[in-house]
Amino acid sequence: MTGVAFAQTPTANRIGLNTGQAARVLLPSGEYGSWLQTVIYYDDKQRVIQTLRQLYGFSSNAYERVSYQLAFDGKPEQEWTTQETGSVTYKLAKTFTYDHGDRLSKTEVILYEGGVPKKTYTQSEQLYNEVGQVGTKSLHAGVQILGYKYTPRGWLGNEQTNTGQPFALGLNYQDNGNINSLSWTTKSNSGGMNLSYDKSSRLTGATGTGNFANYDESPISYDANGNLESLTRKYNNTPIDQLSYLYHGNQLHRVNDSQDNQSQAVKGFINGANADDEFVYDGNGNLVRDFNRGIGNSTTDGINYNVLNLPRRVVRNTRTVQYTYDANGVKLKE
Numbered sequence: 001m002t003g004v005a006f007a008q009t010p011t012a013n014r015i016g017l018n019t020g021q022a023a024r025v026l027l028p029s030g031e032y033g034s035w036l037q038t039v040i041y042y043d044d045k046q047r048v049i050q051t052l053r054q055l056y057g058f059s060s061n062a063y064e065r066v067s068y069q070l071a072f073d074g075k076p077e078q079e080w081t082t083q084e085t086g087s088v089t090y091k092l093a094k095t096f097t098y099d100h101g102d103r104l105s106k107t108e109v110i111l112y113e114g115g116v117p118k119k120t121y122t123q124s125e126q127l128y129n130e131v132g133q134v135g136t137k138s139l140h141a142g143v144q145i146l147g148y149k150y151t152p153r154g155w156l157g158n159e160q161t162n163t164g165q166p167f168a169l170g171l172n173y174q175d176n177g178n179i180n181s182l183s184w185t186t187k188s189n190s191g192g193m194n195l196s197y198d199k200s201s202r203l204t205g206a207t208g209t210g211n212f213a214n215y216d217e218s219p220i221s222y223d224a225n226g227n228l229e230s231l232t233r234k235y236n237n238t239p240i241d242q243l244s245y246l247y248h249g250n251q252l253h254r255v256n257d258s259q260d261n262q263s264q265a266v267k268g269f270i271n272g273a274n275a276d277d278e279f280v281y282d283g284n285g286n287l288v289r290d291f292n293r294g295i296g297n298s299t300t301d302g303i304n305y306n307v308l309n310l311p312r313r314v315v316r317n318t319r320t321v322q323y324t325y326d327a328n329g330v331k332l333k334e
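Residues in the sequence shown are numbered consecutively from 1, following my numbering.
The hints are simulated quantities; they were obtained by calculation from the structure and are not laboratory data. Because the structure is a prediction, the values reported are computed rather than measured. Don't take every hint at face value.
Stated by the list, open to error - Each pair of labels, with its calculated beta carbon distance range:
id, residue 1, residue 2, range
1, 18, 90, 21 to 29 Å
2, 119, 166, 23 to 31 Å
3, 111, 230, 51 to 59 Å
4, 201, 317, 36 to 44 Å
5, 48, 236, 55 to 63 Å
6, 119, 283, 47 to 55 Å
7, 214, 18, 49 to 57 Å
8, 221, 51, 48 to 56 Å
9, 90, 275, 50 to 58 Å
10, 174, 226, 17 to 25 Å
11, 308, 115, 36 to 44 Å
Where is the CB? At the ideal position from N, CA and C, for every residue including glycine.
Could you put together the complete structure from these sequences and hints?
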């Protein structure tokens with residue numbers, strides 16, 4: 001990786017600092033792929049001013065460089081992201097503006113392709129209320145403007161936008177902070193939910209209002225360990241699910257549905273299996289088979305994991321999804 005350019009001079013005093021790493025690629029097959037290298041540079045205050053890393057899926061010379069221009073107190077004033085893939089170079093330049101309270105107020109972006117500026121826009125702009133909470137946020141040069149209101153205890157009470165795709169969300173709380181009810185309005189409909197809890201603040205019921213008045217999910221009960229024990233779901237006052245959950249220890253192994261009603265517009269849980277063990281786990285506690293969803297069968301696991309216990313391959317009926325990660329657990333490909 002070459003072509004290092006800095007917004008600030010890097011320090012030569014790097015004792016005790018992490019200046020780089022090499023991480024293996026973890027393939028969907030369970031095997032190891034190539035190494036991906038990352039280099040980190042610091043200023044004389046030991047603050048990161050640049051990272052340089054190899055890009056996966058391109059040539060060995062493809063890289064991404066992120067450079068920072070920092071203020072004296074460490075806030076980023078500018079950020080440059082350059083991606084060199086071998087055929088074309090992309091660059092994203094961001095400028096950050098702060099208000100009198102050192103709060104981020106504006107982010108401006110310039111996109112370059114092959115060294116030529118292609119697009120300039122204001123990515124976001126924030127205004128704050130008297131106590132420092134975000135009151136208004138403008139996204140992508142005003143394409144969408146969000147307004148926020150809060151309760152006296154600082155909890156979000158209302159979120160609303162009247163531009164782009166109109167949307168409003170309202171939240172009401174119990175004294176202990178549990179959400180008592182919520183309501184929403186979109187361009188096409190409106191609705192809400194009334195929620196109830198037990199003495200341990202566990203959800204015991206959710207009843208729809210407005211356009212969602214036909215929906216009800218109650219009662220919900222729990223076992224002594226706090227695991228979900230039973231749940232009844234109704235649509236148009238007709239049960240579509242009456243679920244009971246069976247565990248080995250605290251691992252879910254079976255879900256019984258005595259009202260598997262798929263005739264309603266809302267389908268609910270699909271009871272795709274009737275076995276003693278409908279969910280199977282590996283020695284690390286990872287789910288490897290889910291017979292209700294057609295993941296795996298009696299002899300073959302449907303979910304395989306890598307050495308980090310991250311899913312690397314999922315087979316559901318005839319469909320397969322594969323995942324590639326680096327050794328830090330960052331997903332590189334799906």
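Hints not upheld, ascending by number = none
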